[in-house]
Amino acid sequence: MKTLRAVLVRVFGLFDRDRRDSELQAELESHLQMHVDDYLRSGMSPEQARRQALLKLGGIEKVTEAYREQRGLPFLETLLQDLRFAFRSMRKNVGFTCIALLTLALGIGANTALFSVVNGVLLNPLPYPDSERVMIVFSESKNFERQSVSYPNYLDWERQNKSFTSIAAFRDEDFNLTGQSEAERLHGYMVSSGFFSTLGVAPVIGRTILPDEDQIGGPPVVMIGQGLWQRKFGGSPDVLGKTMILNGVGYAIVGVVPATFRLYSGDNTEIYVPIGQWNDPTFLNRRVGMGMRVLARLKRGVGLEQARADMDGIARSLAAAYPESNAGSGVSVTRLKDDMVRGIGSTLFVLLAAVGFVLLIACTNVANLLLARSTGRTREFAVRSALGASQSRLVRQLLTESALLGLIGGGIGLIIAARGTKPLLAALPHALPRSREIGVDGRVLLFTFGVSIAAGILFGLVPAFKAWRTNLQEALKEGGRGSSGTRHRAQNAFVIVEMAVALVLLVGSGLMIRSLVALLGVNPGFDAHNVLTFNVTMPPAFMSDAQHIRAALRQVHDAVSNTAGVQAASLIAGSLPMNGDSELPFWLQGQPKPATDSEMNWALFYLAEPGYRQAMGTPLLRGRFVTDADSERSSPVVVVDEFLASKFFPNGDAIGKRLNLGILEVQPEIVGIVGHVKHWGLDTDSQSKIQAQLYFPLVQVPDKFLPLLSSGVGVVLRSQNEPMPLLPAIRHSISQINSEHVIYGSQTLEEIVSDSLADRRFAMVLLGVFAGLALLLSSIGIYGVISYVVGQRIQEIGTRMALGAQRRDVLQLILGRGVLLAAVGVVAGAALAFALTRQMRSMIYGVSTADPLTFLAVSALLMLVAIAACYVPARRAMRVDPMMALRYE
Amino acid sequence: MGEKEVRQGTLALMVLKTLESMGTLHGYGIARRIEQISGDLLSVNYGTLYPALLKLEQEGYIASEWGVSENNRRAKYYRLTRAGKKQVEHETRDWQETTAILARFLAREESR
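As they're listed, the protein sequences go chains S and U.
If you count the first sequence from 1, position 544 lands on 692 in this note's numbering, and the numbers rise without skipping.
If you count the second sequence from 1, position 56 lands on 69 in this note's numbering, and the numbers rise without skipping.
In isolation and in its complexed conformation, chain S is listed as follows (with noise of 0.2 Å):
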């Protein structure tokens, strides 16, 4: 109560001040005269005695200053003060101040921006109600990690588990809208009808899909997303109940998904209609899991290890009832916010770390800076020192100071940062997750409040250590020329320490740059130059039989393969390198058949036209490719790649043998061999499971398996100069078909093959940019410092040439500072490097961690730039005129 009240008093105590002070003065001046009347009736002189009262009770100036900590918060008091101070000391050293907060603007604004994409990303949960109990669950085996689920299982999985409160299954499928002005191609889910509550997203308006819709024979109904609502249908609510046609068939249209819902945030998905009610046969094989992927919340109290233990028993209980699909077979459970950022962690990780240096750089130039300018204001602080001013009081003012400098260039960056983030993104390679929820948010702006606080005191904590040992006679005595011991040594380090860590920067880009060149050096087994590819699709009306499919099929390849400018053209589906995989099992002829899928070979399929070789650019190894004369009435025939070849058929006799392909259930035979194509990526290839590869002829797919292709076709095609401006022509040609054909998902290989390297080379520019950064900072650095020494050393200079010193002598004097201490910075930078780079590993590729070449180029590159900015300075030293020097002395 009593301290409560206290501080009350003294909270207001530090408004009325001016009255207080005057009552305080007139309090302080009665007590004197009392105190000389006293003296003055015990017989002395009025000189004598004012002046013994005066020496009794001490200096007037130190009651008050004694009164006044009293009376206010001293700590608020001081603290507005010292802000006032600083502000004032801000605005009057305008260069200083601009140079000070730009560095920490980019600093901190850099650092910001790149936590703002680890807080959107690995830390904030998914945008969904108790969003850590949603789980995204997948079928392993010994061939597939995070392999999709066959329909029959998921059904399986929603009876049996005792651990999810729903389960939901869904699969990606394009939808072709028409009858509403031109033909559209809408990328679609096909869900359950629990996937909307799983995740817990409510409908924006009209209802989510019922159960009785999520089976075969089902009303067909659909959920449109809230895009197509407003740009087709103007967001008016009567939307419900329309029909919309979509791949021919009228859906009824029962509910809005809100536009903020994006699964994945690449996909941009319009469409939702019930799973349950496909019918296809190959959907409902339990062999084949076409893509599906399935959601679950876990139940309240059910733990992640308690649901994959459930789970593994239902996997137990299906493998022993279903050998052949299920055996070997189990059930992976992962959080889904884990799967999607899954291996974006360590290069997030990595850069969080080097955007830290570039800050820790930024500190050190502004430390710098404020050295040189507190060796300027020695003489102020002794000054002030003398009238009273305590040490603690003056480390503290240059502390609130700095911190001030901090906050501000913080706020500058802040908005930097959230200004520049999603546009930066943008323009960079795409290779984040969830890249749509990045943005500033509480968490974001408490980082950079902690950040420039703790880069304020970092960098204010030298000159302020300097002010609290600088000694009071020296400094009133050398008349602001300072002395220069400490200062000197505290430069050097701030020198070293910037080269040392920009080394460090420069050494992580460098190897990421060697990576990427290493990689764009790999073969990948195909020839990527001139090659599109795109989707066709069809009307149901063209693909309502066999016969009717290869018809339209063959009149889209004649209509790509007859374009101007095409050189080889390919229809295909299955695989295609570095973009979609599709596996089959298959086992030699002539030997028994395994007796469960997860006990069979692998191979990833690639259906192909004769013009397949000549457009990917696949070298033919031995034998034949797929010619014009394998038709759906000749015998079938495959094409292996020479890791297949090699691997079951070692004795070298591939050619003439035949496999059986299991699911296709033909038996071809091995008509050629081509080269292994890197489907899994230039780097990651050689680690995955699945390497054989197999291409068999399009045309011979049995009927049975032609409906799979009604939803359409990917074509690859080789064209003789730039692909993409064929595209018109293509789209053309194709529509002279029939208009409601759609062309969509078109992309150069040498797109995919980039695209495919989207990771690498996001961590590389950004990389890039903070070494670049590092290497700018540290310049002005040692910059800065050579600058100082040659003022400092102006007439030492001066006199050595008036003694007979050459320039030469001169500018080695002065480089050779600079060079010895860029020397030692590279020298620790690159001890630290070495350290440091391990942690890059799983980013680099095919060059060592502690590269030689890498190391002395950049250690070459980074001191050649630090000669530069010393010899500036130095060449300021050599036209040092001796007479004007001594003259000033």
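Mixed in with the good hints, there may be bad ones.
Stated by the list, open to error - Below, a sample of chain U positions facing chain S; criterion: calculated Cβ distance under 8 Å:
1) 40
2) 41
3) 58
4) 63
5) 64
6) 67
7) 82
8) 85
9) 86
10) 87
11) 88
12) 89
13) 90
These are computed hints drawn from the structure, not numbers from a lab.
Glycine included, every Cβ here is placed at the ideal spot set by N, Cα and C.
Using the hints provided, position chain U relative to the given structure of chain S.
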């Protein structure tokens, strides 16, 4: 002269006690009274006195108002509040206990 500065923490009690026995008094009077009672062994300067007075006022143990001294000088007069009277008793008891304990310690040290 063997004058001592007032020991930290004891000045407040001396001020309160002085006001208890003297009623209202101005700062100078308080200082002189403390010096007299101590037999001029203590010296009170206003660098310590006025912050102490201010602190006591903030804590509500004393109140002040301007008045006129016996010599017709304007001065600020301090008096004990109700809370201040309680505080004197409380602090006196505390102090006596402390000194008694300390005395026992010292006695024991000597008898050893």
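Using the nearest Cβ pair, does residue 88(U) come within less than 8 Å of chain S?
Residue 88(U) check passes; min Cβ-Cβ to chain S is 5 Å, inside 8 Å.
Interface restraint verdict for residue 41(U) against chain S (beta-carbon cut-off 8 Å)
The hint holds - residue 41(U) has a Cβ within 8 Å of chain S, the shortest such distance being about 4 Å.
With 8 Å as the cut and Cβ atoms as the points, is residue 40(U) at the interface with chain S?
holds (5 Å)
Verify the interface restraint on residue 82(U): the C-beta must sit less than 8 Å from at least one C-beta of chain S.
holds (7 Å)
Interface hint outcome for residue 87(U) [beta carbon to chain S under 8 Å]:
For residue 87(U), the interface hint holds, since the closest Cβ of chain S sits about 6 Å away, which is under 8 Å.
Once the shortest beta carbon distance from residue 63(U) to chain S is found, is it less than 8 Å?
holds (5 Å)
Hey, does the residue 86(U) contact hint survive, CB to chain S under 8 Å?
holds (5 Å)
Given residue 85(U) as an interface hint, is the shortest Cβ-Cβ distance to chain S below 8 Å?
violated (10 Å)
Given hint residue 89(U) near chain S, where the shortest CB pair must fall under 8 Å
With Cβ-Cβ at 5 Å, under 8 Å, it holds.
Supplied contact hint for residue 64(U), tested at 8 Å Cβ to chain S:
Status holds, d = 4 Å.
Closer than 8 Å between Cβ atoms is the bar; does residue 90(U) clear it against chain S? Give me holds or violated.
Constraint on residue 90(U) not satisfied, violated at 10 Å.
Does the closest beta carbon of chain S sit nearer than 8 Å to the beta carbon of residue 67(U)?
The hint holds - residue 67(U) has a Cβ within 8 Å of chain S, the shortest such distance being about 5 Å.
Checked against the numbered hints given earlier, the structure breaks hints 8 and 13 and satisfies all the rest.
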